[in-house]
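Novice: Listed here are the chains, written in short residue letters.
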Amino acid sequence: MFDNLTGKLQEVFKKLSKRGKLSEADVDEGLREVRLALLEADVNFKVVKEFLARVRVRAVGVEVSEALNPAQQVIKIVHEELLTTLGTAAPLDLSGPSPHVIMLVGLQGSGKTTTAAKLAVRLRSIGNRPLLVAADTYRPAAVAQLETLGKQLNVPVHSEGVGKAPPEICSNGLKKAREQAYSVVVLDTAGRLAIDDQMMAELEAIKQITKPNEVLLVSDAMTGQDAVRTAEEFHRRVGLTGLILTKVDGDARGGAAISIRSVTGVPIKFMGIGEKTDALEVFHPDRLASRILGMGDMLTLIEKAQENFDQDEAAKAAQKMMEARFDMEDFLQQLQQVKKLGPISGLLDMIPGLGGMKQQVDPQQAEAQMKRIEAIINSMTPDERHRPDILNGGRKRRIARGSGTTVQDVNQLLREFREMQKMMKQFSSGKGRGLANMFRGH
Amino acid sequence: MLERVKSIRDALTRTRQAAFGRVATLLGATEITPEFWDELEALLIQADLGVETTADILEKAKAHVKREGIIRTDALKSVLKAELRAMLVTAEPLDLTTDDLRVVLIVGTNGSGKTTSIAKLAAWFKGQGRSVLLAAADTFRAAAGDQLDVWADRAGVPVIGGQPGSDPGAIVYDALQAAQSRKVNVVLIDTAGRLHTKFNLMQELKKVRNVTAKAAAGAPHETWLVLDGTTGQNALAQAQQFKAAVEVTGVIITKLDGTAKGGMVFAVSHQLQLPIRFIATGEKLGDIALFDAAAFVDGLFE
Ligand SMILES: Nc1nc2c(ncn2[C@@H]2O[C@H](COP(=O)(O)OP(=O)(O)O)[C@@H](O)[C@H]2O)c(=O)[nH]1
Ligand SMILES: [Mg+2]
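For the record, the sequence lines run as chains A and B.
The C-terminal residue of the first sequence carries number 442 in the working numbering, and the numbering is unbroken.
The C-terminal residue of the second sequence carries number 1302 in the working numbering, and the numbering is unbroken.
Derived from the structure by calculation, the hints contain no laboratory data.
Using N, Cα and C, we set each Cβ at its ideal position, and we do this for glycine too.
A portion of the hints provided could be inaccurate.
[Said to hold, decoys possible] What follows is a list of derived Cβ distance ranges for each label pair:
#, chain 1, residue 1, chain 2, residue 2, range
1, A, Lys151, B, Asp1038, 52 to 58 angstroms
2, A, Thr381, B, Lys1207, 40 to 46 angstroms
3, B, Ala1244, A, Gly61, 45 to 51 angstroms
4, A, Ala375, B, Arg1085, 56 to 62 angstroms
5, A, Ile126, B, Asp1153, 38 to 44 angstroms
6, B, Glu1035, A, Gly87, 33 to 39 angstroms
7, A, Asp196, B, Asp1038, 29 to 35 angstroms
8, B, Arg1085, A, Ile126, 53 to 59 angstroms
9, A, Arg236, B, Ala1042, 22 to 28 angstroms
10, A, Glu50, B, Trp1037, 19 to 25 angstroms
11, A, Gly87, B, Asp1100, 54 to 60 angstroms
Take these sequences, add in the hints, and give me the full structure.
Specialist: So, in structure tokens, the structure goes:
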């Protein structure tokens, strides 16, 4: 499997001289790896071809500098080109007179109904009065699903069962919105195949009647090569204005987003990142680009760390680590900092190469383990925290009692702490890859 | 009945034409050129076979060409077919005569088509003279129970469910008790969709499986993963994780009535040694058929 494009490119360019211009041959060799990465991320075959052609033009003849080695140069260009392709996040268009209509369309099972509810919640949180319209009369209980969500969220739902034609239901919903001063109407339409002419005609009718501000394609991040065809056809029939990528909380690389962007040119607006109704995130091109290239979501992690870490504390801890003066007290503080970053399962997602670890690490167990460690250290005297070596049998028994753990637990922590000290020395010398072990449950 | 078979065939033909129509033209009686290999690669990748599988197939085909001195594309056709077929694991046919209770656990990601497929399977098993009972163990998704109820009604089979938010294990237990006392042949268990990366949800699924195992001898006899035919390379990760968690024994691939090609099943089947059991080709009760590897591969070149 493909873990890190930079690594692969580094490999490719190893034999290359450190200076001079990137030749066509150099670039082509590097781009072979990029091509594989993109295809494995489900970017459409033809889209990849066009994309690489653009990168090639930019990369050939580029001066290899002191600062960036050839691999980094190519990655930089690829990344920039990806960002250009992905475009910037666009807000919902709520211009013009109320009520504004947002129409959700897409294939079966892509996540329209859940997304409709999420959008309503988001719209309400920014001061709108949303009305949901249940226009999927085909899938059994689709109406009931939206009604249930509406009830849970306390968002009104306009529904007329399954007896009426969806365009009529939408039209009535819009009328109700006008009469009752709702500011935004979100239309949940049935999933359909782009090649289903009759069903696509129904969407055209809904669009004609409701004149939506937004026609958003809801697309599953796991979609493969066919994303292009689907998006093209939806765009041709109903004129899309944006894209929402769903199920981004999984480990699909999400290359379909590039394909869809390339063939429709419409902006990506949101990403669905969970089953809960607040799990809708504004689209971040840089994060998606890193993800598509298989480089994890380090940016999010770094951002979170910047928001939550006490910079002074972190700098002090780093300094101590370098000097190998890191003690139990520092460890405790670090733990408390990490805890601020959120649940461990979320962190694992963001670190490249660790996503796969989620099957091996029980986040709950890891959290429990962290709590245990905290309790143990809290039961130590300051002196013991600075010099864990002085911990003899008696002290360990006292600590175990005080923290509600066992002497084995205390011993285990001490063992791991020593391990960690070793690891940190490696880390500071640039060799470490120990983060994974720190969270491994027992 | 005949009409149903025909409509499945039509749906698949659409898939094939979209995916492999051009391979078929490629594989007309012409000479093998370097461009031919490029186009073949393009087609296989666009059918979602993935770079690795595609490279694998191409390499094998090239080896044949060299070894057997094949120079024309039509001669290559049977070689390609055989290699593709060889990737698809075959399984013992389902035992449709036993008096023993057979329990099938249905798992998969959100929206892949589990509930709809269960309805179709219920109708299919019924058509084979089996009595069927459904267990509505998706208590998470809003109105999931209602959805299955509608389908059960259409298929004319009983369903055992519970309150939204209630313990899926308890429902499975009740359903299997009922099935045993009613001497039902087949129980199909619908579970909530979940992403294979969610540790807690996968743990919950393991629990459901454990309850199943305790509530009836030898159960679940089959655990089928429902894969959305429009899914790309992530299908492999899904299959890996679901297999690791609940010992998946087979795959159902859905939504093949669209233009997506479902080529990722080659890697899934080959790498994880999982047979493809059924294909689903629409939203009606009859839109399901036993997977036929030979026919599927033959169809690629029709
Ligand atoms: N076109 C098509 N749609 C399907 C097929 N199977 C399921 N669906 C649709 O996919 C959507 C999700 O299906 P559902 O059974 O609710 O998925 P679940 O969440 O896995 O239970 C529904 O709109 C179904 O009608 C299929 O074979 N072809
Ligand atoms: Mg379901």
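Novice: With reference to the structure, classify each hint as holding or not holding.
Specialist: Hint check:
The supplied range of 52 to 58 angstroms is met by A:Lys151 and B:Asp1038, whose beta-carbon atoms lie about 56 angstroms from each other. Range check, A:Thr381 to B:Lys1207: about 43 angstroms between beta-carbon atoms, so the 40 to 46 angstroms window is met. In this structure, B:Ala1244 and A:Gly61 meet the distance hint of 45 to 51 angstroms, their C-beta atoms being roughly 48 angstroms apart. Checked against the given bound of 56 to 62 angstroms, the beta carbons of A:Ala375 and B:Arg1085, roughly 59 angstroms apart, stay inside it.
Roughly 42 angstroms separates the CB atoms of A:Ile126 and B:Asp1153, a value that falls within the hinted 38 to 44 angstroms. For B:Glu1035 and A:Gly87, the hinted distance range of 33 to 39 angstroms is satisfied, since their beta carbons lie about 34 angstroms from each other. Separated by about 33 angstroms at the C-beta atoms, A:Asp196 and B:Asp1038 satisfy the suggested range of 29 to 35 angstroms. For B:Arg1085 paired with A:Ile126, a C-beta distance near 55 angstroms keeps the hint of 53 to 59 angstroms intact.
At about 23 angstroms, the beta-carbon gap between A:Arg236 and B:Ala1042 stays in the expected band of 22 to 28 angstroms. At roughly 21 angstroms, the beta carbons of A:Glu50 and B:Trp1037 sit within the given window of 19 to 25 angstroms. For the pair A:Gly87 and B:Asp1100, the supplied restraint of 54 to 60 angstroms holds, since their beta-carbon distance comes to about 58 angstroms.
Going through the hint list in order, the structure satisfies each hint without exception.
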